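Enquirer: Residue numbers (the working numbering), protein chains in the order written: chain A, 1 to 387; chain B, 388 to 753.
Derived by calculation from the structure, the hints in this document are not laboratory data.
Just to be clear, a hint being listed does not mean it is correct.
[What the hints assert, rightly or not] Think about it this way: if two alpha-carbon atoms lie no more than 30 Å apart in a straight line, the pair counts; the simulated DSSO-like pairs of lysine-lysine are: (1) A/K345 with A/K117; (2) B/K465 with B/K722; (3) B/K722 with B/K745; (4) A/K345 with B/K722; (5) B/K579 with A/K244; (6) B/K700 with B/K395.
[Said to hold, decoys possible] What the simulated footprint calls covered on chain B by chain A, stretch by stretch (three residues with Cβ under 8 Å from a Cβ of chain A suffice, anywhere in the stretch; the number is not a length): (7) 541–552; (8) 576–583; (9) 702–711.
Every value quoted in this text rests on a predicted model; they were computed, and no experiment measured them.
We treat Cβ as the ideally placed atom computed from N, Cα and C, and that holds for glycine.
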Amino acid sequence: MTIRSGRDTSLTLGLPLMSQEPEERRDFLPSLALHVASLGLEVLVESGLGARMGYSDRDYLNSSDRIRIVGRDEAFAQDVVLILRSPDDRFELIRPGATLLSMLHWPTRVARYLRLKELGIEAVSLDLIVDDNHRRLVENMEAVAWNGLEAGFEALAHTYAGFRTHDRDPIRVTVMGAGMVGKHAVEAATKYGSLDRGRSMRDFPGVEVTVLGRNLTSSERYLREQLRLTDLLVDAAFRSDASKPLVPNEWIDELPEHAVICDLSVDPYLLDASPPTVRGIEGIPQGSLKQYVFYPDDPNWRATIPHGVPSLSRRTTVSCYSWPGIHPRACMHRYEEQLLPLLEKLLETGGAGRLRSDGGYLERALYGASMGAWVALSEPGEVANSR
Amino acid sequence: MHREPGEKRDFLPSFVAALDAAGAEEIVVENGYGSGMDIDEAAYSAASSRLVWGDLDDCLIQDAVMQVRCLDEEYFDKLGTKSILLSMLHYTTRPERVRRLAELDINAISMDGLIDDGGRRLVENLAAVAENGVGAAFEELAHTHPAFDDPRRPPLRVTILGSGAVGSHAVRAASRYGNDQLRDAMVARGVKGVEVVVVDHDLTAHESYMRSLLSGSDMLVDATQRPDSTIHVIPNRWLADMPAHAVVLDLSVDPYNFSVWPPIVKGIEGLPQGTLDQFVFYPDDSAYEELDPRISTKNRRVALSCYSWPGRKPRECMEVYGGQLEPFLNVLLNKRAAAWDTSSPSLYERALARAELKRWLEARPG
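With the rest of the complex left out, here is chain B (with noise of 0.2 Å):
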């Protein structure tokens, strides 16, 4: 099931023959799984002799359901009780999904929950993230910056907001124009580099700090994680310090959401909420009239946002996340989730204890 014509992942045939091994009885998989990224249903068939296509209710009700992306809301209730759903459920910006599925009594783990002894996380996709999200904001740039590949223009300023692991990945691709060709083409013409410059939370507060910084900056990148997502990083009317030509990007895709209280925004106030349909937002897109009025949009530059900017290279995407999730599928399919155990000596099943949602709620504070 996608949820908009631009999602394309599903996971690849090599993930469903590790299911085969790793002891799944029978592999459900949906009619034309696989399409969106020109794999054939023969390529899945060949993966497993369990293998049995069906249609999207018939995977719901199987013992454990797999999806990246989590399913709409209004599936919830055909998904068995006690049944596994293994999907990125992002629990703390989903207060609404998290109440569900606590009340439909599933078993649901959060796949961007899955973290190890340290907190890092062991399913990931973050580089992809950042390569994705910089790579478009600089084709962006080439078009609006008026210098963009002039060998006398000084050398481009980035300002990263956040230095945890996605800020970290964008340092990386925003250092290289997030294209390896295109950066060995700058090169070979002579023209200045990136400067990068990141600043955290500690200088992201200082007003007259932050205004000077975004005056010189040609694009603005952000990749906080906020310990408190009511409240914005940058407020609407510091754009209008930034060039004419800069651009915006959103990395961190928290979205907005008024129906709580007090309600979740995003990082720079004022950004649209992208797609994999749609992820480009130039000024006058009317993407902007159709935010919730409380939300301050008048200074606008080019703004990217995707809800996954991972999808952009669908099969590359699903290629990390299968290997990333094949050493779990051993606790996952063989062992009960009601025994799963945070101090296991297994790596694997305290993880996905952690990311267990009736412990995940008992662990968090209040």
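Okay, chain A solo, but in the shape it has when bound (with noise of 0.2 Å):
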């Protein structure tokens, strides 16, 4: 069976490889070309995706004879190409009036979108797909907390000589943030940042998870007492002023000195910026896929840290600016399931452009993440979604 767009349009699909950095090993799995082409629409797939999650062009190929294996190029002359972050440095190559499926976060970067609707490319930015409530449709904020906690635990297991005893007090993590990706690292602390892990240690003394608000994280002397009771502390906070550290770096002297510090929000240093946007806790490396563990003795300690950051307080941190990618077969899955309903809605529909507004729930959830949606963006200094 073909599936035809409803206005007689038969589409293809390309899935290009991402060109960010050497370590990021995501890519769409050959589960989701096979789905496509089931649709009976032709997938382009360029050659060595998957390859650093060891997959073989061949795995892509011997699911479906409407599969072909091509270059970068041909990758990105499809109807629809989708690809997980943005390919800032390849949009020439996709054609005009093409729908691009990605990561794209307008409201904090308006210029991409400006060049975009320049280059007459209609995009769908898979961050900004929420449904009638606005719960986004396609996200892991899961596996930021799990991911991080479960390198978290693991490098409290080796910093605390008492991890494994029987007669210690219950571990105690700080959660600063109760936002979404702290409501899951509160899940992900209480079972040891893995469910291995959680059931493995079930006899022992469990975790004690305090969750601290912003109205609670702004009270030093709380916060200060709160901090000498803390093994482990996750910072999953969204600031409303990045310009300032929730936890300035001489604080960092009151956790134990066995305690590890998980860093959930991956706030960049902009000390450029006006105004500036700082670490929520000072002093702490910002880690990547390459490095995520930071030992207070560590070589690299400052190398991501500008000058007149102080950083003399030390804990063993764990960081990375991605933490869904540590494990990238269960991201890509957990992305591919989300996608797959809108894919299929948006290969019916014609593509981006042909998206309405009044259309049924999954129609509803892309318009609202497509050009077409955030035309106020084209004002500048305008962010506010149109629809």
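Put the two chains together into one complex; each comes in its own frame, and the hints tell you how they fit.
Expert: See the structure below:
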């Protein structure tokens, strides 16, 4: 059966490789290509897709004769192009009128929006697809929290001599921030960051998680007292003022020596910006998929910290700009499951330019994340969704 | 059909339009539908030309019957054999209901059992469970706590049992007093905020630890999903350790059921089961006396419990459910239930197949 769009258009899907840093291993899986091909569409896969997760071109090819392995230019030259992170340096390879599906983050990347518009590309930003109640339909906050906490507890098992003793007190985790990431962090923390570890620790005293919202993290006396009782400190806060840290560097000395800091918010240091952005916990390094565990004597500790930011007070820290990328296959399975019904609807509709704001549930959600719904971004200084 | 006056929820006209678009041949709507939410009949009639009005019996004999809260079991006989019943059926805690539906050969689909491949619920309003419940509990705590809005008091301490989906929404709600306006007002007055402590089953079983924790808790929230609903998490005698002003909130709303063996009990022993008509119980409420005598109610605090917390804000609730159900309608209305496949390429067909009673019974361990 061939899926024809409601507007008599048969579409093709391109799956190009991401061109971000070498340790970024995520790509869409053979199962996604197969699903789309089974709808009767041609799928053009860039050679090497999935290789960093152990897949070969053959794994994609074997799944359907509607799938072809092609070069980069051809993968980008299809009616719909699906790529997880924004291919900023490849926009010219996409045809005018084609649809780009990617994490485009327009509200904070207005220049990207304007460039796509200039090139006549019809894009849908995956991070902006929300239902009528503003719940994101394509997100993996869960992996941010679970992967970060898994690394945090792994580090704590090394630094805390009493970790596997039966007469210790419950491990005390303090989570700063009760938003989306924070609430997943709570669940992950009660399971030691992984279900396997949680099961293996079943006979030990458990984990007590204390969650602090904004109105408590702003109280120095309270927070310093809380830090003294904390084995694992988690920053999952969304700060209203990113120019000030929640935990100045010297407060880190309040934490027990064995304590571990788990950075889930991954705000960067941008001291030249106006106002400047600093990290929620001052003086901790910004990790990557290549290195996300930093012991206090790590030679790379200061590599990502700008001059002038104090970092003398240190505890073992886990930090990564992309926690979901730690387990790339699991991450891409999750995205695939969320994305397939939306992708099917988009293909059936005939591309992003044909989405309607009064369509069904999935079409409405797609429309809200499409360029047409964000025309206000064309106006300087505007970031509001126009729908 | 509403089971109690406080239950006002009905699907919205937008859902009727979605049924029409998905291919329903005729949509029979019970007279008075939507009136609890002040939606008049004209709004429904305008949503679909295939809509006809009827009484309850007319509705129950259709090929598919959809209602958020499950019908009283006495009405099951009126459903057609092999008809579809889509409702919150809660198979695991309602063995009698399951037995009856299976006996009548109804294609029952539990809305609360519609899950993705990772076990996440696709039709849920757990955020509203937490927000509405926690919001109501803070309203009570504002009356019982002697220094609720005093800037000199220490942070309020909320203890949450369970860190699953409901628990994590409760964390977010509790850190904001369950009400953003109240939170802003407290911040403006310089009142210290809320410290939320979450414990899971590996700590709830430790009596000395738990009793010490309860002694410092202003609010206790049950958001557990117990693997064994025949055992209390918090025996009634532990409540004696809580401050007199403390408030106890039941979000898990497991019912008491002494007609099965072993009996099904609530996570916190001695709490009455609330409804949309009454969800606050003061220590002298007669509801305590009506509980089965095997339940200890000796130690009491202000308690909140409601069969359906989302039902407190019916229209918002039905917007959520309607939107979440919409993508299921194509499969639901156009493919026979017997043909639904748990390995279908469609997420929604897989989820429907898993939530369908016969397949659920087959897949159930033991």
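Enquirer: Out of the numbered hints, which ones does the structure contradict?
Expert: No hint contradicted; all consistent.
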